[in-house]
Amino acid sequence: MNTPTDTATTLALRSDLQIIAEWIQPGNHILDLGCGDGSLMGYLARTKSVTGYGIEIEDHYIPQCIRNGVNVLQMDLDRGLTEFSDNSFDQVILSMALQTMHYPHLLMKEMLRVGREGIITFPNFGHWKVRWYLAGRGRMPVSEALPNYWYNTPNIHLCTLQDFEELCRQHNFQIQERRTLNHHHETGLGLRLLPNLLGEIVLYRFTRLPDNIPR
Amino acid sequence: MPEKIDNNSVGLVTPEKFHCSEPISLSCGEVLPEFDIVYECYGTLNSNKSNALLICHALSGDHHVAGYHTWEDEKPGWWDRFIGPGKVFDTDRFFIVCCNNLGGCSGSTGPTTTNPINGNRYGPDFPLVTVSDWVESQARLADHLGIEAWLAVVGGSLGGMQAMQWSVDQPDRIKNAIVIAAAPKLTAQNIAFNEVARQAILTDPNFFEGRYYEHSVQPDRGLRLARMLGHITYLSDDSMAKKFGRDLRQGKINFDYGVEFEIERYLRYQGDQFVGRFDANSYLLITKVLDYYDPEGTEKCSLAEVFSRAKCDFLVVSFSTDWRFSPARSKKIIKALHDNGLNVSYGEVKSSQGHDSFLMTIPQYIEIIRSYMDKLAASL
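Protein chains in written order, with the working numbering: chain A, 1 to 215; chain B, 1001 to 1380.
Note that these hints are calculated values from the structure, not bench results.
All values derive from a computational prediction rather than experimental measurement.
Using N, Cα and C, we set each Cβ at its ideal position, and we do this for glycine too.
Incorrect hints may have been included.
Not close to chain B: a few residues of chain A, all C-beta gaps over 10 Å, as computed [stated by the list, open to error]: (1) Ile62; (2) Ile66; (3) Pro147; (4) Glu177.
Here are the simulated SDA-like cross-link-like pairs (lysine to any residue), alpha carbons at most 25 Å apart as the crow flies [as the list claims (entries may be wrong)]: (5) Lys1311/B to Arg67/A; (6) Lys1185/B to Glu83/A; (7) Lys1243/B to His1231/B; (8) Lys1332/B to Arg113/A; (9) Lys1350/B to His102/A; (10) Lys1311/B to Asp90/A; (11) Lys1311/B to Gly69/A; (12) Lys1332/B to Ile1366/B; (13) Lys48/A to Leu1342/B; (14) Lys1350/B to Trp1078/B; (15) Lys1332/B to Lys48/A; (16) Lys1311/B to Ser88/A; (17) Lys1331/B to Ser1371/B; (18) Lys109/A to Ile1366/B; (19) Lys1300/B to Asp86/A; (20) Lys1288/B to His184/A; (21) Lys1185/B to Lys109/A.
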């Protein structure tokens, strides 16, 4: 899960915040998985009057969320969302934490069970810098976005944009929208043409097939 | 003098007594024509009476939650580490009330007090009360104190059950419920422990069907055993291993039944301490309050439906090694709360100290409560 040294999370939060906020309707009931200090939920509550809960496993974030006025529940996402009923949220957000999950695909299923729409953002392992690093040095990439070494990284399930979309196809997760941000956290024409190469952070909005709650 | 008085103690406190002359109808169908509630207060009620906290005690607690009655007391109130100027329940910011519950043995109406109808002690004739009855009696105390709504009702273990019940029985009179190391109902295992404790008392030859006062004796052996058993369940295997291990008092085994292991000394000490201060009939009664607590069963609906009446915000805390009221039990509460879209935060504190953790100053636990209380103080 997110650690204080995980700069990827803090960097990305600022830039994907706006896009996620665009995807949220005012007054929606939201579940934010891996909510950290509650910045996103706090932002959405202020700007979109959303209600809902953040889920976080790290001890030090719990009082921070409480101080930020965010409802936080200390739970382990790798154990699923069994505490939540079907269809209890408008959107379930997983921001920059997919790659830290033991069972990303099972969590995505759970997201679409408890919510009608999932929003996922993650660092794209297909980004050219990552490829360049691996090809050139023959070692696991370390960068600003992925600051940890292979042995101490919380990012145990890194994937590329194409990997993610393949997983969605296999599980009938319906991608509604994809946005990519480059390493300056901007968007542009190049990103639209070569998203897997130029996108450092990808954002997805996805739903289940109609009348098909994943189990 | 106490061994050590901490700088942030509330100091000397005097219990007060509220006499309620309005009859109270109990869940069991009986009516108490009048009753007394003994309570203590700390801090100052603000002008709009919005800063009042009610602390609810657990099985063996009482109204004396902080400070000292005299400077001869060896120990302060049972949650003194949490209550005082600058502490998590800050008496500079909040007005804090704790009462001895009906059926207790520290001055409130219960088995040891006199039945006004016949002038005898109630003893075993004192009706079995429930958590809801306690909430009703506490609401009468709130009326008496001029408190329309509690900023928060706070409790650990059985105290947490009272906080939950407040949220559904008196939804307009509670702004926040702080529910610590609690459960929506006891498990069969919990009831089993309580039953063994009760049997220890009921089968004590000095019990006399609960009329031991008339024989000028107490079922001390039974009460002592009950308490020893209780203490085993309040600790974790880990904490017992850490605190006592297999340490021997005299460094060797003596091949007899004396106190050899440190854990034996501890349990006997706890049992002996308890016998001096607690009444067996009250103990029996309060274990029944625990066993009967089951809002789902009582109302014949789901826990989510029970909490549909609640309006307040919740903070729920559990402890990793608490096997008496485990984190899984707290998660049942959480689910019922968020199924109703209620505001709730939940912390699962890593601790080696089992159910007793709720009485301890564990840094993460303190920080969770402090952050919540700071938020409440800011809202005043």
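* Mind verifying the non-interface call on Ile66/A? Its CB should be farther than 10 Å from each CB in chain B. => The claim is violated: Ile66/A sits with its nearest Cβ about 4 Å from chain B, within 10 Å.
* Starting from Lys1185/B, check that the Cα of Lys109/A is at most 25 Å away, please. => 31 Å, violated
* Asked: Are Lys109/A and Ile1366/B close enough, with their CA atoms no more than 25 Å apart?
  -> 36 Å, violated
* Would you mind confirming whether the straight-line C-alpha gap from Lys1332/B to Ile1366/B stays at or under 25 Å? => 23 Å, holds
* Asked: Ile62/A clear of chain B by more than 10 Å, beta carbon to beta carbon?
  -> Given that some Cβ of chain B is not farther than 10 Å from that of Ile62/A, nearest at about 5 Å, it is violated.
* For the pair supplied as a hint, Lys1311/B and Arg67/A, is the alpha-carbon distance within the 25 Å limit? -> 21 Å, holds
* CA of Lys1332/B to CA of Lys48/A, is that 25 Å or under? -> 30 Å, violated
* Assess, step by step, whether the Cα of Lys1243/B is no farther than 25 Å from the Cα of His1231/B, and give holds or violated. => Roughly 13 Å separates the two Cα atoms, so the pair holds.
* Asked: When you check the alpha-carbon spacing of Lys1311/B and Asp90/A, does it fall within 25 Å?
  -> Satisfied, since the Cα-Cα distance of roughly 22 Å is no more than 25 Å.
* To do: Would you check the hint for Lys1311/B and Gly69/A, treating anything up to 25 Å between C-alpha atoms as holding?
  => 17 Å, holds
* Asked: Within a Cα-Cα threshold of 25 Å, do Lys1300/B and Asp86/A meet the stated pairing?
  -> The hint holds at about 23 Å.
* Asked: When you check the alpha-carbon spacing of Lys1331/B and Ser1371/B, does it fall within 25 Å?
  -> 21 Å, holds
Figure legend: structure checked against the earlier numbered hints; hints not met, in rising order: 1, 2, 15, 18, 20, 21.
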